[in-house]
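Counting the sequence shown from 1 gives a position; our numbering is that position plus 522.
If you are wondering where the hints come from, they were derived from the structure by calculation, not from laboratory data. Bear in mind the structure is a predicted one, so any value in this text is a computation, not a measurement. Warning: the hint list may mix true and false statements.
Claimed, not checked - Label pairs and their computed distance ranges (CB to CB): (1) Arg570 / Pro532: 34 to 42 Å; (2) Leu620 / Asp533: 40 to 48 Å; (3) Asp619 / Gly534: 41 to 49 Å; (4) Pro571 / Ala539: 31 to 39 Å.
Glycine residues also receive a C-beta, built at the ideal position from the N, C-alpha and C atoms.
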Amino acid sequence: RSHGPKDFLPDGSAAQAERLRRCREELWQLLAEQRVERLGSLVAAEWRPEEGFVELKSPAGKFWQTMGFSEQGRQRLHPEEALYLLECGSIHLFHQDLPLSIQEAYQLLLTDHTVSFLQYQVFSHLKRLGYVVRRFQPRSPG
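Turn these sequences into a full structure, and let the hints steer you where they fit.
Encoded structure:
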């Protein structure tokens, strides 16, 4: 597929709308595919919606060098980090002790109170390009 300027600038054409529809359809088909997991090497994690974070239940993997944070002695991930790691096959995500599929994780972790789908797309794209992406934390005055 060509990724020239016309693919990134909206022109309002029916052809562009159709390409966009096909890309979205392809994304949802990929998300629906069943994945084979190596459960022994996955980090167990639990979604805590009341706190807005994912808490790791087993020791973090190599990803801990560039993602996540510690708070009150617990290792935690932001929702976008957890979803990215789930897609990469690095964590096994649970909610109320039940394992989550990628589709379920999209529905639970991407909300008005966490991050939007568009914000997640930007985050995951930058991660796939090799960038270290962290949330901006403004310093409190004083």
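Hints violated by the structure (numbers, ascending): No numbers; nothing is violated.
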